[in-house]
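Protein chains: 2
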Amino acid sequence: MFSLHFTAETSSDGVVERDFTVGEVTGVLWSPASGPDRAPLVLMGHGGGTHKRWPAMTGRAHRLVKGCGFHVAVIDAPGHGGRPRTAVDEREIAAMQRAMAAGEPVGPIVVPYNAHLAERAVPEWRATLDALQELPEIGTEGPVGYFGLNMGTAIGVPLTAIEPRIVAAVFGIFWHDESLAETAGRITVPVEFVLQWDDEHIPRQSGLALFDAFASKEKTLHANAGRHKELPRFEADSAVRFFARHLGGAVTSPA
Amino acid sequence: MFSLHFTAETSSDGVVERDFTVGEVTGVLWSPASGPDRAPLVLMGHGGGTHKRWPAMTGRAHRLVKGCGFHVAVIDAPGHGGRPRTAVDEREIAAMQRAMAAGEPVGPIVVPYNAHLAERAVPEWRATLDALQELPEIGTEGPVGYFGLNMGTAIGVPLTAIEPRIVAAVFGIFWHDESLAETAGRITVPVEFVLQWDDEHIPRQSGLALFDAFASKEKTLHANAGRHKELPRFEADSAVRFFARHLGGAVTSPA
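For the protein sequence lines, the chains are A and B, in the order given. Residue numbering for the first sequence follows the UniProt record's numbering, starting at 1 and increasing by one per position. Residue numbering for the second sequence follows the UniProt record's numbering, starting at 1 and increasing by one per position.
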């Protein structure tokens, strides 16, 4: 088992931000500057081609820390955020770029490649969660949530399906395929799922079918008019309230 | 033009509740007990078989008044809440009850009957809005929202399509049909639309198709797991935040 090592710390606006490593995995932990001894933890997965400190990650983390007093952790996915790329990574990224330049569908490349990345990322997430729960301000008793769209869903669905410590999850903006849908069918915790109604990459029926696959008794679809990258900012606020409901925090600002 | 007459007034928990009539129409207006001189107005339409003071109406009104400081008005639909029924009303209600008792689909009866009710209700709503805007605490300048599910959608869609004073609307839990979809296609204001993913009366594709029909650039679908009558309570809070965003109020409690 790997331990967690903090490598840098900054603080602003009531939020402490600490870079960490767990083995070869690089991550960042956002925490309330002051608060109760222990607080729930939200794991966030970033999208393909980005990294742990992408603006969407930083923005969502600040909302969760300030709105609910939660801890929020993001790790760089394999091959992302300066982590080494394998030959498979290089080949698949090149194939995606060729498809995009040619205006061809990217789903047939993204879906299997992200499934491959998930196989590498899920054990990393579980080791990271073990290490995070060693911290006295997190501990092993508190509830854990997962929040990840795009590639963050491709990784988060198998993680949530296998990880009983995750009790609520926000997913979305990803394709249906047989294997991922089968995994989603093993998830029973509350789920909020977002999709873009006019997504130029993900066919509408594909997104709806992935939402349909979750076995959760409580699941909510939020579909917004707009293209792939036009997810409205208010969905981040909605996710904050979702985690406040399920992880037991109070939203302290009008999120 | 009819004037508005108040017929009763009570007050509790910071909310003033006044019964009113506009011609033969009976309604209720909920308002903040104290607040700014003028505030936005939300019109709410009740569902089939209920009335202006149904618990869902009272609950949503209190949320909007206390959360945003808005005025909220509900009127009894034709044939509802003690208002006289026509021979058409009696015939269609009997047909619905027969279909339900026989376990047959109710959509083929509800959809045309509610379209008929909308033809009677839309002019009533417009006269009521005229009269409400005569009140000094509402006025003609402030924005107006509409919030109605089930029959409240069947009436609210043609009302919103024809009424330029309505600048944002929450609809849902109703069937697609050609005529209603064509009317929805004339609506361009922001829309939040709810449906139940496992609705035993409204086929999933029918609800999705009605959402798809709105021409609004900003529209959001909230689809929740559950049957026709299992709309989660948190959707009322979501509607409050939707109106706070679009009518300019601040949500003052963690709604």
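Some clues are possibly wrong.
In silico lysine-lysine, DSS-like type, Cα no more than 25 Å apart, as pairs [said to hold, decoys possible]: (1) B/Lys229 / A/Lys217; (2) A/Lys66 / B/Lys66; (3) B/Lys229 / A/Lys229.
Cβ-Cβ distance ranges computed for the label pairs, FRET-style [said to hold, decoys possible]: (4) A/Glu141 / B/Arg204: 21 to 27 Å; (5) B/Arg245 / A/Pro112: 35 to 41 Å; (6) A/Ala94 / B/Asp198: 41 to 47 Å; (7) A/Ser3 / B/Ala33: 46 to 52 Å; (8) A/Gly139 / B/Ser12: 40 to 46 Å; (9) B/Arg245 / A/Glu24: 27 to 33 Å.
Here are some, though not all, of the chain B residues that point toward chain A, as calculated from beta-carbon distances under 7 Å [claimed, not checked]: (10) Ala215; (11) Lys219; (12) Thr220; (13) His222; (14) Ala223.
Everything labelled a hint here was simulated from the structure, so no lab data went into it. All C-beta atoms in this analysis are idealised placements derived from N, C-alpha and C, irrespective of residue type, glycine included.
Structure-based check of each hint:
| no. | hint | in the structure |
| --- | --- | --- |
| 1 | B/Lys229 / A/Lys217 | holds, 15 Å |
| 2 | A/Lys66 / B/Lys66 | holds, 24 Å |
| 3 | B/Lys229 / A/Lys229 | violated, 34 Å |
| 4 | A/Glu141 / B/Arg204: 21 to 27 Å | violated, 40 Å |
| 5 | B/Arg245 / A/Pro112: 35 to 41 Å | holds, 39 Å |
| 6 | A/Ala94 / B/Asp198: 41 to 47 Å | holds, 43 Å |
| 7 | A/Ser3 / B/Ala33: 46 to 52 Å | violated, 58 Å |
| 8 | A/Gly139 / B/Ser12: 40 to 46 Å | holds, 43 Å |
| 9 | B/Arg245 / A/Glu24: 27 to 33 Å | violated, 43 Å |
| 10 | Ala215 | violated, 10 Å |
| 11 | Lys219 | holds, 5 Å |
| 12 | Thr220 | holds, 5 Å |
| 13 | His222 | holds, 6 Å |
| 14 | Ala223 | holds, 4 Å |
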